[in-house]
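Q: Here's the letter readout for the chains.
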Amino acid sequence: MTTATSSRGLNFAVLRPYLARRKGLFALALAVIVAGVGLQLWIPLLLKDFIDGSLAGADVGRLAAIAVIYLSAGLVAQVLSVAAAYLGTSIGWSVANELRLDAARHVASLDLDYHSGISPGSLIERVDGDVDAVAKMFSQFAVQVVSATLLLGGIFVLTFLEHVVAGWTVVAFTAVLAGAMYLLRAVAVSATSAERGSSAELFGFIEERLSAIEDIRANGAGRFVMRRFQPVMRRYYQRSVGAWIRRSIIWTTSIGLFSAGTLVALAVGSWLVLRGSVTLGVAFLLITYMAKLEDPVMEVTDQMQEVQKAAAGLGRLGELFAEQPTVPRRGERRLPSGPLKVQFDHVDFTYGAEPVLTDITFELAAGRHLGLLGRTGSGKSTIAKLISRFYDASGGRICLGDVPIVEVAEPSLRSRVAVITQDVQLFEGTVKDNVTMFAGGVPDRAIVAALEEIGMGIWLDGLTEGIDTRLDSGTTSLSSGEAQLVALARAYLLDPGIVILDEPSSRIDPATEAVLAAALDRLLRNRTAVIIAHRLETVGRVDELLILDGGSVIEHGSRDELMANPDSAFGGLLQATREGMLYEEVDL
Amino acid sequence: MNPIPVVWRISTIWKAMFWVNVLLWAAFHVLPAALGLLVGRIFDRLEAGDRAVVGTALLLYLGVIVARLTTFQVSILAYARYWHRVVLLLRRNMLGWLMEAPGARRLPMSTGAAVSTFREDVDQMAEYVENWMDAVGLVAFAASTLAVVWSISPELTLWLVGPLAIAAITTQILSGRVQRRREALRTTTESVTGFIGDFFTAIHSVKATGRTEPMLERLEHLNAGRQRAALADTFLGQIIRSMHRNMAAIAIGVVLLAGAGAVADGSITIGELTTLLFYIPLLTSYMAWGGEMLAQHARGRVAVERMMRLMVDATPAQLTDRTPLGLFDSTDRNPAAPGRPNPLMRLDVIGLTHRHPGSGQGIEDVSFAIERGSFTVVTGRIGSGKTTLIRTLLGLLPMDDGAIHWNGQEVEDPSTFLVPPRSAYTPQVPRLVSATLRANITMGRRLEEGALGEAVDLARLTRDLPQLEAGLDTVVGTRGARLSGGQLQRSAAARMFATDADLLVFDDLSSALDVRTEAELWERLFALRDVTCLVVSHRRPALRRADQILLMSDGRLADSGTLDELLARSPEMRALWELA
Numbered sequence: 001m002t003t004a005t006s007s008r009g010l011n012f013a014v015l016r017p018y019l020a021r022r023k024g025l026f027a028l029a030l031a032v033i034v035a036g037v038g039l040q041l042w043i044p045l046l047l048k049d050f051i052d053g054s055l056a057g058a059d060v061g062r063l064a065a066i067a068v069i070y071l072s073a074g075l076v077a078q079v080l081s082v083a084a085a086y087l088g089t090s091i092g093w094s095v096a097n098e099l100r101l102d103a104a105r106h107v108a109s110l111d112l113d114y115h116s117g118i119s120p121g122s123l124i125e126r127v128d129g130d131v132d133a134v135a136k137m138f139s140q141f142a143v144q145v146v147s148a149t150l151l152l153g154g155i156f157v158l159t160f161l162e163h164v165v166a167g168w169t170v171v172a173f174t175a176v177l178a179g180a181m182y183l184l185r186a187v188a189v190s191a192t193s194a195e196r197g198s199s200a201e202l203f204g205f206i207e208e209r210l211s212a213i214e215d216i217r218a219n220g221a222g223r224f225v226m227r228r229f230q231p232v233m234r235r236y237y238q239r240s241v242g243a244w245i246r247r248s249i250i251w252t253t254s255i256g257l258f259s260a261g262t263l264v265a266l267a268v269g270s271w272l273v274l275r276g277s278v279t280l281g282v283a284f285l286l287i288t289y290m291a292k293l294e295d296p297v298m299e300v301t302d303q304m305q306e307v308q309k310a311a312a313g314l315g316r317l318g319e320l321f322a323e324q325p326t327v328p329r330r331g332e333r334r335l336p337s338g339p340l341k342v343q344f345d346h347v348d349f350t351y352g353a354e355p356v357l358t359d360i361t362f363e364l365a366a367g368r369h370l371g372l373l374g375r376t377g378s379g380k381s382t383i384a385k386l387i388s389r390f391y392d393a394s395g396g397r398i399c400l401g402d403v404p405i406v407e408v409a410e411p412s413l414r415s416r417v418a419v420i421t422q423d424v425q426l427f428e429g430t431v432k433d434n435v436t437m438f439a440g441g442v443p444d445r446a447i448v449a450a451l452e453e454i455g456m457g458i459w460l461d462g463l464t465e466g467i468d469t470r471l472d473s474g475t476t477s478l479s480s481g482e483a484q485l486v487a488l489a490r491a492y493l494l495d496p497g498i499v500i501l502d503e504p505s506s507r508i509d510p511a512t513e514a515v516l517a518a519a520l521d522r523l524l525r526n527r528t529a530v531i532i533a534h535r536l537e538t539v540g541r542v543d544e545l546l547i548l549d550g551g552s553v554i555e556h557g558s559r560d561e562l563m564a565n566p567d568s569a570f571g572g573l574l575q576a577t578r579e580g581m582l583y584e585e586v587d588l
Numbered sequence: 001m002n003p004i005p006v007v008w009r010i011s012t013i014w015k016a017m018f019w020v021n022v023l024l025w026a027a028f029h030v031l032p033a034a035l036g037l038l039v040g041r042i043f044d045r046l047e048a049g050d051r052a053v054v055g056t057a058l059l060l061y062l063g064v065i066v067a068r069l070t071t072f073q074v075s076i077l078a079y080a081r082y083w084h085r086v087v088l089l090l091r092r093n094m095l096g097w098l099m100e101a102p103g104a105r106r107l108p109m110s111t112g113a114a115v116s117t118f119r120e121d122v123d124q125m126a127e128y129v130e131n132w133m134d135a136v137g138l139v140a141f142a143a144s145t146l147a148v149v150w151s152i153s154p155e156l157t158l159w160l161v162g163p164l165a166i167a168a169i170t171t172q173i174l175s176g177r178v179q180r181r182r183e184a185l186r187t188t189t190e191s192v193t194g195f196i197g198d199f200f201t202a203i204h205s206v207k208a209t210g211r212t213e214p215m216l217e218r219l220e221h222l223n224a225g226r227q228r229a230a231l232a233d234t235f236l237g238q239i240i241r242s243m244h245r246n247m248a249a250i251a252i253g254v255v256l257l258a259g260a261g262a263v264a265d266g267s268i269t270i271g272e273l274t275t276l277l278f279y280i281p282l283l284t285s286y287m288a289w290g291g292e293m294l295a296q297h298a299r300g301r302v303a304v305e306r307m308m309r310l311m312v313d314a315t316p317a318q319l320t321d322r323t324p325l326g327l328f329d330s331t332d333r334n335p336a337a338p339g340r341p342n343p344l345m346r347l348d349v350i351g352l353t354h355r356h357p358g359s360g361q362g363i364e365d366v367s368f369a370i371e372r373g374s375f376t377v378v379t380g381r382i383g384s385g386k387t388t389l390i391r392t393l394l395g396l397l398p399m400d401d402g403a404i405h406w407n408g409q410e411v412e413d414p415s416t417f418l419v420p421p422r423s424a425y426t427p428q429v430p431r432l433v434s435a436t437l438r439a440n441i442t443m444g445r446r447l448e449e450g451a452l453g454e455a456v457d458l459a460r461l462t463r464d465l466p467q468l469e470a471g472l473d474t475v476v477g478t479r480g481a482r483l484s485g486g487q488l489q490r491s492a493a494a495r496m497f498a499t500d501a502d503l504l505v506f507d508d509l510s511s512a513l514d515v516r517t518e519a520e521l522w523e524r525l526f527a528l529r530d531v532t533c534l535v536v537s538h539r540r541p542a543l544r545r546a547d548q549i550l551l552m553s554d555g556r557l558a559d560s561g562t563l564d565e566l567l568a569r570s571p572e573m574r575a576l577w578e579l580a
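Residue numbers (the numbering used here), protein chains in the order written: chain A, 1 to 588; chain B, 1 to 580.
Since the hints were derived computationally from the structure, they do not count as laboratory data.
Every value quoted in this text rests on a predicted model; they were computed, and no experiment measured them.
It cannot be assumed that every hint is accurate.
What the hints assert, rightly or not - Chain A is nowhere near these chain B residues, computed Cβ spacing over 12 Å in every case: (1) 91; (2) 252; (3) 397; (4) 442; (5) 465.
Unchecked claim - Some chain A residues close to chain B (C-beta under 7 Å, calculated; not the full set): (6) 63; (7) 76; (8) 421.
To be verified - Stretch-level coverage of chain A by chain B, calculated; a stretch enters the list once three of its residues show a Cβ under 8 Å from a Cβ in chain B: (9) 85 to 92; (10) 489 to 497.
Every residue, glycine too, gets a C-beta built ideally from N, C-alpha and C.
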């Protein structure tokens, strides 16, 4: 339901404000670079003077003075090169972090539909991988390309000043180097992807076997695993060795080219000296400058590859930022305190062109508990999402506590309507972080009280550091039942007027289920509740039932009345259960 | 743990290959020394205007370059083969040990961390081996160039030692830090990406509770930590880089200063000066590299320690086990199926104890016996130790006390003894691998189609097959992700039935099968086969059928007996029965 306007090509607009905010830093980095490049160009000139001076019979004092200047310039150059790199990285990271935060904020604001259509893994790719590639690229690219260009330009100018043939030699060699690097890029890319493919298979195999280690060992399949590993190793060996050898073409070529560069400089320098056109010092200068071409040429070609990667990332980020949430956030009214009444007044909801809910009208008095029943796709969860305003109705009106839901301010809605989802995600952090979801300003006492209220008091007492004990992510240290309890504690902390509960459909052992049921009873006391029921037992907890079929209400009434009436749809369900259709089989 | 003996053992496995590599790299590193001499010669003769000698020297220079390139290319060919053998040997040995070695074998770390040991620590170790090869070339280069410098001027050689030593020592010290900084960068990066993943996985509840802003603040906090780590890492890295590149400038400055007099009075010729200027950058970067090699030693130590930690109780000899890798031998050696000596008559578990390291919780002093053909159900509340009991029995968790007797004989290592054809196991959350369903069920055993069909049928998996695109030949996706939770467990049950083991151990089938189907499964299983079952369950059909129920409570065996006995005397059992 979110609209995406896909952008083609490079879209620097995304990045411009982040870079513009750092004009001062960029200027400083530029100054450091210019100074550093200047020194790098000047230092070889000192050597030239030293050599020519010694040949011209200069005195020791003058030679020693050159040496002292040389030494100090070398030290300053060290400091400048570290400073330039540090500044570049620092700019890159701060841009990346700011962009990442904004991207995360934007993604979080998008509809749930967007999230259900995209895996968290690919969001990590966007919000982490693409952001990094883009931000670092454009901040470091600036720093490196500027310094490389300055250095190259400087070398050209200085060698031309010495002798025109020397100048042309350097320019021609740079062109050859750049051309070769450009051609070799394709080799590098294919070698890298071959290598990645072969190691992906190897480590994929290992990773899966390690996570299945108990299954494998307890079923005596270790020998068979090792047998299957054989062909995997063989393929890895062949492909990786092949990739290395292909990559060695690049290494050999670049080593060859740089050695050739020295040789060319040596030959051209010798020729010029023998013709009497330049001094020996200039010949040495030519060799030194030729060797200095290596780094800038390599850097620029490396950066060209990064640019391509970043351009792709930039395109994807542009698309990400073009996604817009469909539910406007404009209400200003606050919901009243205490339990809230829920009213649906001729509510329709269409998803795309498909009607999901048609003409839903019901009223749930404050403090009453409603069970939603119906098959998968009957619209139960849509009703829940309308009450928590993850969607807006296409027609009709929804009121909470007599306030139309579209007029309610977002913070008021979020603190008064609690949603407990089926799957509970725990975070890497402390118990406290997990209950508050990192919100600051919640007193420890309130957190402990919430945990005690939902029956986790004993569990909490067993923890060495109380609510500051760290939990591992991935539910390793909490069972799924306990994770559910944490979700109840989260809701408890909000003190909501309405609780929407999507009951977990996975099985929890009976004893924990009893604890959960008790905790839920305490949470729901004196609150309005809407429960998406997956099991008939849950129905025992509610006052009213609403049975949906194909997006329409087929039955709504008090549980006791419906139960007593064998002709009701609910009565039919109940009958089926008694006849031995087991509850797991009934798709409620 | 000292990594040198490990390198030594590795070097003896493919001995010839190792030494060929050493010699080739040594040649590659030493050749530039000749180039420096040639440059000096050229400059000396240029001063004299000697065209012929300059021309010859230039040709010789070309010859040395070509020789060096050829050496390089040949070295790479040799080294690519050597490197990949070393990394595969280490990986094969670690995986083999984890999969097959006796003893309770749980990963001592998360799967992710274990994979990174397989990946990075092994690479680190191979780099360390490479270091030892390069060390020879490095020493040869340093010795030959310093000899030349000495012949030019012993005094200047001494002046050079200072900057060179500084380059080596600082790089060594800083490189050690680099490793720690890099580690910090890696963990902070993981915490950022992990958090982003968790954040968006939980997006529904985050939005519903209006906690988006706190979550973003948390992200900002993690971001800042990562930035600090990254900057610290870059700063150090740049200093080392500048050691490699710019230390030369300082060394040259020192030599010029010290040698100014000698150059002025002509006791050092212009050619000798150029040779020095040619050597010094090479020497400083080689020295910095040498410093890094020394730092590598610390990294090699960490890598060996991590690999040994992953292998828990193995010795370094097992890490470097020299069984051939079979890289060029594609014959498929199918391990012989073991016979079935000593079929189960009676299993005695005496005082079985396992305490979780850390919390100290676990199971304490659990004793029971299982007769052939019987049906034993383990039940109890969550956290009462049901799964721990089963896993300790099967040797998946270490047994801290107690004994297991198979037909009256003590089992020394349950982890390698209680496997097919003696026993088989279906865990609560089974793991499949990304292969076909058939391969997952047979686990690589040769199995007749009839036996496979029976296993599939028994596990009630038959009705799932038409829903899968290619039936038994459907590829189940990474870790079986393309199957539903129930299908996953039914496949694991089929995998267990396919082993035709005497003792079948199930950890809770309730998410795979509904109550009625589960009851049918037990009926058919006992009708078809002569099996013994040990089952974790809290469901009535299983409890009703049980010959004995083991009622676990707080890690102890609270009571055992038939359902009627327990219902009569145990309030805990009555409570569980009511809830079932």
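Q: Indicate, hint by hint, whether the structure satisfies it.
A: Status of the hints after comparison with the structure:
Here residue 91 of chain B does not stay apart from chain A, with its beta-carbon only about 7 Å from theirs, under the 12 Å limit. With a least beta-carbon separation of about 7 Å from chain A, residue 252 of chain B fails to lie farther than 12 Å from that chain, contradicting its non-interface assignment. Interface exclusion of residue 397 of chain B from chain A breaks down, the closest Cβ pair being 10 Å apart, not more than 12 Å. With a closest Cβ-Cβ approach of about 9 Å to chain A, residue 442 of chain B is found to fall inside the 12 Å limit, against its non-interface label.
No beta-carbon of chain A comes within 12 Å of the beta-carbon of residue 465 of chain B; the shortest separation is about 20 Å. A least Cβ separation of about 4 Å between residue 63 of chain A and chain B falls short of the 7 Å threshold, and the interface hint therefore holds. Hint status for residue 76 of chain A relative to chain B: violated, with the closest Cβ pair at about 10 Å, above 7 Å. Residue-level restraint check for residue 421 of chain A holds (minimum Cβ-Cβ distance to chain B is 5 Å; threshold 7 Å).
For the region 85 to 92 of chain A, the stated coverage by chain B holds: 4 residues have a C-beta nearer than 8 Å to a C-beta of that chain, and at least 3 were required. With 3 residues carrying a beta carbon less than 8 Å from a beta carbon of chain B, the region 489 to 497 of chain A meets the three-residue requirement, and the given coverage holds.
Taken one by one, the earlier hints fail for this structure at numbers 1, 2, 3, 4 and 7, listed in ascending order.
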